[in-house]
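A.B. asks: Here is what each chain is made of, one letter per residue.
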Amino acid sequence: MRKALFVGVCLAALALAAWGEEKVTITVAVYPDLDSVIEGVLPAFQALYPDIEVELEVAGYVDHHTRLLTTLAAGMGVPDMAAVEIGYIARFAAEGGLVDLSQPPYNAEAYASLFVPYAWQQAHTVDGRLIAMPADIAPATMFWRRDVFAERGVSIDEIKTWEDYIEVGRRLTYDADGDGQIDHWLVDDAATVAMILWGGHTRFFDQEGNCIVDSPRFVRAFEVAKAIREAGLDARIPAWTNEWYEAFRRGTVATAINGAWLMGHLQNWIAPETAGLWGAAQLPGGIYTQRGGTWYVIPQASDNKDAAWKLVKFLTTNPDIQLRAFEITNAFPAVQAVWEDPIFEEPVPFLGGQPARLLWKEAVQHIVGVPTNPNDAIAMEIVSDALTQVLEEGRPIAEALAEAKRLIERRTGL
Amino acid sequence: MSNPLGLWRRWWARRQQRYAPYLFISPFYILFFAFGLFPIGFSLVLSFHSWRAVGGLETMRWIGLENYRFLLTDPWFWQSLGNTLVLLVISGLPQHLIALPLAFLLNRRLPPRLRHLYSASYFFPYITSTVAISLVFGTIFGLHYGILNQLLEYLASAPWSRWLFGWLEGYLPINWLGKAVYIKPAIAIVVLWHWFGWNTILYLAGLQTIPREVFEAAKVDGANVWHEFWHISLPLLRPIIFFAVTMTIIGNMQLFDEPFILTGGTGGPGRAGMTVAIYLYRTAFEWTQMGVAAAMSWLLFVSIGVLSLLNYLLLGRAALARRGEE
Numbered sequence: 001m002r003k004a005l006f007v008g009v010c011l012a013a014l015a016l017a018a019w020g021e022e023k024v025t026i027t028v029a030v031y032p033d034l035d036s037v038i039e040g041v042l043p044a045f046q047a048l049y050p051d052i053e054v055e056l057e058v059a060g061y062v063d064h065h066t067r068l069l070t071t072l073a074a075g076m077g078v079p080d081m082a083a084v085e086i087g088y089i090a091r092f093a094a095e096g097g098l099v100d101l102s103q104p105p106y107n108a109e110a111y112a113s114l115f116v117p118y119a120w121q122q123a124h125t126v127d128g129r130l131i132a133m134p135a136d137i138a139p140a141t142m143f144w145r146r147d148v149f150a151e152r153g154v155s156i157d158e159i160k161t162w163e164d165y166i167e168v169g170r171r172l173t174y175d176a177d178g179d180g181q182i183d184h185w186l187v188d189d190a191a192t193v194a195m196i197l198w199g200g201h202t203r204f205f206d207q208e209g210n211c212i213v214d215s216p217r218f219v220r221a222f223e224v225a226k227a228i229r230e231a232g233l234d235a236r237i238p239a240w241t242n243e244w245y246e247a248f249r250r251g252t253v254a255t256a257i258n259g260a261w262l263m264g265h266l267q268n269w270i271a272p273e274t275a276g277l278w279g280a281a282q283l284p285g286g287i288y289t290q291r292g293g294t295w296y297v298i299p300q301a302s303d304n305k306d307a308a309w310k311l312v313k314f315l316t317t318n319p320d321i322q323l324r325a326f327e328i329t330n331a332f333p334a335v336q337a338v339w340e341d342p343i344f345e346e347p348v349p350f351l352g353g354q355p356a357r358l359l360w361k362e363a364v365q366h367i368v369g370v371p372t373n374p375n376d377a378i379a380m381e382i383v384s385d386a387l388t389q390v391l392e393e394g395r396p397i398a399e400a401l402a403e404a405k406r407l408i409e410r411r412t413g414l
Numbered sequence: 415m416s417n418p419l420g421l422w423r424r425w426w427a428r429r430q431q432r433y434a435p436y437l438f439i440s441p442f443y444i445l446f447f448a449f450g451l452f453p454i455g456f457s458l459v460l461s462f463h464s465w466r467a468v469g470g471l472e473t474m475r476w477i478g479l480e481n482y483r484f485l486l487t488d489p490w491f492w493q494s495l496g497n498t499l500v501l502l503v504i505s506g507l508p509q510h511l512i513a514l515p516l517a518f519l520l521n522r523r524l525p526p527r528l529r530h531l532y533s534a535s536y537f538f539p540y541i542t543s544t545v546a547i548s549l550v551f552g553t554i555f556g557l558h559y560g561i562l563n564q565l566l567e568y569l570a571s572a573p574w575s576r577w578l579f580g581w582l583e584g585y586l587p588i589n590w591l592g593k594a595v596y597i598k599p600a601i602a603i604v605v606l607w608h609w610f611g612w613n614t615i616l617y618l619a620g621l622q623t624i625p626r627e628v629f630e631a632a633k634v635d636g637a638n639v640w641h642e643f644w645h646i647s648l649p650l651l652r653p654i655i656f657f658a659v660t661m662t663i664i665g666n667m668q669l670f671d672e673p674f675i676l677t678g679g680t681g682g683p684g685r686a687g688m689t690v691a692i693y694l695y696r697t698a699f700e701w702t703q704m705g706v707a708a709a710m711s712w713l714l715f716v717s718i719g720v721l722s723l724l725n726y727l728l729l730g731r732a733a734l735a736r737r738g739e740e
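If you read the sequences in order, they're chains A and S. First residue of the first sequence? That's 1 in the working numbering, and the numbers climb one at a time after it. First residue of the second sequence? That's 415 in the working numbering, and the numbers climb one at a time after it.
None of these hints come from the bench; they were simulated from the model. The structure presented is a predicted model; accordingly, all values stated were derived computationally and were not measured. Using N, Cα and C, we set each Cβ at its ideal position, and we do this for glycine too. Keep in mind that a hint or two might mislead.
[What the hints assert, rightly or not] DEER-style ranges, computed between Cβ atoms:
1) A:E158 with S:V500: 47 to 57 angstroms
2) A:G413 with S:V595: 31 to 41 angstroms
3) S:F447 with A:D341: 55 to 65 angstroms
4) A:P355 with S:W492: 48 to 58 angstroms
5) A:S36 with S:F538: 39 to 49 angstroms
6) A:A59 with S:F447: 23 to 33 angstroms
7) S:W492 with A:D341: 47 to 57 angstroms
8) A:S36 with S:F447: 22 to 32 angstroms
9) S:W492 with A:D147: 28 to 38 angstroms
10) S:V550 with A:S36: 32 to 42 angstroms
11) A:S36 with S:R576: 54 to 64 angstroms
Please put together the full structure from these sequences, using the hints given.
C.D. replies: Given below as structure tokens:
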């Protein structure tokens with residue numbers, strides 16, 4: 001009996017050792033639709049690395065990031081690799097936690113020239129580490145309704161500056177059914193416009209970590225939003241609400257300034273019946289900015305960093321795989337070479353046959369990025385609050401931004 | 415060979431009566447230390463540190479009282495504390511003003527079977543999931559298609575109710591969850607609806623401990639219903655009232671679920687619905703300032719303590735002293 005047990009244990013140990021040598025299982029935490037991307041390219045990855053098994057942990061967008069934060073804080077249950085979205089990357093930019101990929105054995109700085117500059121900048125932290133590899137990006141763009149513009153006798157070519165935009169907006173904001181109430185507007189929400197103009201979730205701090213929310217870029221964003229609001233040109237409809245979807249379906253807002261990904265949502269579920277009625281254009285006033293992006297990170301606490309790095313490299317630096325990802329989710333690849341593929345010159349039926357991806361390809365080259373600061377998330381909240389005070393309570397812009405800067409600065413370091 | 419085992423057996427036979435109870439009770443203490451005492455102690459230590467969480471425990475940095483100094487001069491903290499206190503009053507006070515007479519009526523004026531039916535129905539909101547409640551109320555408070563606004567619009571224009579509700583017309587439709595001034599009333603309505611049943615049951619239980627003879631004696635002396643309520647039920651319920659109010663203070667000071675879901679997790683425009691608990695949660699998990707959040711939890715603890723003490727001085731001392739005489 002005892003002998004049998006001993007042999008059994010030995011056999012099990014042998015099997016374990018053999019299995020350990022040959023197969024590594026890495027856990028990869030993502031949110032939809034990235035799971036479809038990874039599942040789609042996994043056969044190609046396993047053809048290259050038959051020893052690496054991949055186990056996906058899929059959670060909703062918000063839950064995924066919360067779980068990643070709590071596992072990192074506890075140092076237990078940490079995935080070997082995870083996706084992080086731009087609205088959340090600041091949470092993970094603090095010291096420790098994520099592997100610095102600029103160090104050996106990763107030496108990822110060598111890949112710098114592959115990527116769109118802003119995504120690469122944003123993958124760094126303000127203390128000089130490289131914590132993430134860019135997967136996809138999202139240039140901001142202006143969508144406009146061809147039918148509404150035609151009906152109001154407006155041409156998209158009239159919009160060159162923000163002043164033009166507001167001027168044209170006065171013609172696009174009108175009462176269609178004659179009941180004395182405005183029912184068509186220039187844009188959905190002035191607050192969204194301001195947010196995109198100042199740089200979304202990023203660029204509240206400079207390279208050295210100084211708070212710059214009182215700089216001309218923020219003042220300009222606030223001024224444009226205020227001018228739109230004061231002229232009554234925005235419908236004041238918050239994003240991701242039923243009223244927002246309804247406005248796009250009915251064409252009651254003539255333009256939408258948002259990430260290029262908005263097209264995918266419009267086409268797939270918000271307003272598929274409006275196909276062909278939309279156009280895309282660069283933002284007025286020569287402004288280029290981002291509205292999103294995804295990165296892959298490797299936690300320090302992972303036991304399989306090498307295997308995880310192989311998968312990260314495969315997903316982010318391999319142009320063929322990036323192209324496959326684009327075909328699956330329509331999110332724009334962060335690798336610049338992919339943009340040379342003929343697919344980016346094809347007309348987009350939803351936008352009336354416009355080859356809009358060329359437009360976006362042009363835009364991303366100009367987008368400025370800065371290293372991610374751990375305080376970006378709180379700065380975003382404080383600046384958004386300042387914007388509310390300016391738009392809703394009429395507080396002077398300079399005063400609101402100075403106050404915002406003070407509130408941000410007294411929070412950093414805690 | 416069997417010697418050590420035998421020794422152990424003999425030792426255990428002698429001592430088991432003494433130690434076995436500790437063994438049996440130990441699961442509670444193990445769980446309490448792991449999930450009760452340890453987090454409390456850890457949060458106290460954390461409140462003197464700067465910790466951005468992602469780097470694990472080794473990235474904690476001692477900063478003394480900085481977190482407390484920051485919070486005590488932070489306008490958002492004071493605003494959230496103010497929000498919490500306002501919500502405590504406007505959602506807590508009506509709960510008791512409704513629950514007390516309701517419990518009295520249930521106790522005195524209804525046949526038992528009907529009483530059970532009613533008290534069960536009043537209790538129903540309490541056992542409903544907060545998420546479900548807030549989702550339903552989210553549609554009730556809707557701007558254009560919300561049931562509440564449609565009801566108010568009807569009341570403001572119908573001939574029979576115009577005299578009472580006509581003045582509302584200028585304000586309709588009310589943007590309950592979109593404008594700072596309306597958020598607190600909206601949250602208070604949900605909290606009130608959610609919790610008044612709990613207090614009703616509490617008071618009903620209290621009323622049932624009052625001996626029937628007291629009421630019968632009063633009736634013989636010519637007391638009416640009002641006298642019974644005001645001169646018998648209320649004074650004898652004082653210990654229960656003290657308990658119920660204390661529970662409301664502790665519960666409402668930590669108010670989180672209802673405002674969190676109704677305002678989409680933000681606290682609403684102008685942070686008018688941001689309670690201390692929501693501010694604490696956002697500080698910790700959105701802005702990863704764990705030390706600040708820990709300090710905030712201790713400041714919240716202190717303010718709950720102060721309020722409970724005030725409540726004791728106002729309601730409790732007299733109520734409990736009377737009980738002591740018995």
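A.B. asks: With reference to the structure, classify each hint as holding or not holding.
C.D. replies: Now the hints, each set against the structure:
For E158 of chain A and V500 of chain S, the Cβ-Cβ distance of about 50 angstroms falls inside the hinted range of 47 to 57 angstroms, so the restraint holds. For G413 of chain A and V595 of chain S, the hinted distance range of 31 to 41 angstroms is satisfied, since their beta carbons lie about 35 angstroms from each other. For the pair F447 of chain S and D341 of chain A, the beta carbons lie near 60 angstroms from each other, so the given range of 55 to 65 angstroms is met. For P355 of chain A and W492 of chain S, the hinted distance range of 48 to 58 angstroms is satisfied, since their beta carbons lie about 55 angstroms from each other.
For S36 of chain A and F538 of chain S, the hinted distance range of 39 to 49 angstroms is satisfied, since their beta carbons lie about 42 angstroms from each other. The hinted window of 23 to 33 angstroms between A59 of chain A and F447 of chain S holds, with their beta carbons roughly 31 angstroms apart. At about 56 angstroms, the CB distance of W492 of chain S to D341 of chain A agrees with the hint of 47 to 57 angstroms. Here the CB-CB span from S36 of chain A to F447 of chain S is close to 45 angstroms, at odds with the stated 22 to 32 angstroms.
Distance hint check: the CB atoms of W492 of chain S and D147 of chain A are about 51 angstroms apart, inconsistent with the given range 28 to 38 angstroms. Range check, V550 of chain S to S36 of chain A: about 33 angstroms between beta-carbon atoms, so the 32 to 42 angstroms window is met. Restraint check, S36 of chain A to R576 of chain S: a C-beta distance of roughly 58 angstroms satisfies the suggested window 54 to 64 angstroms.
Hint violations for this structure: numbers 8 and 9, all remaining hints satisfied.
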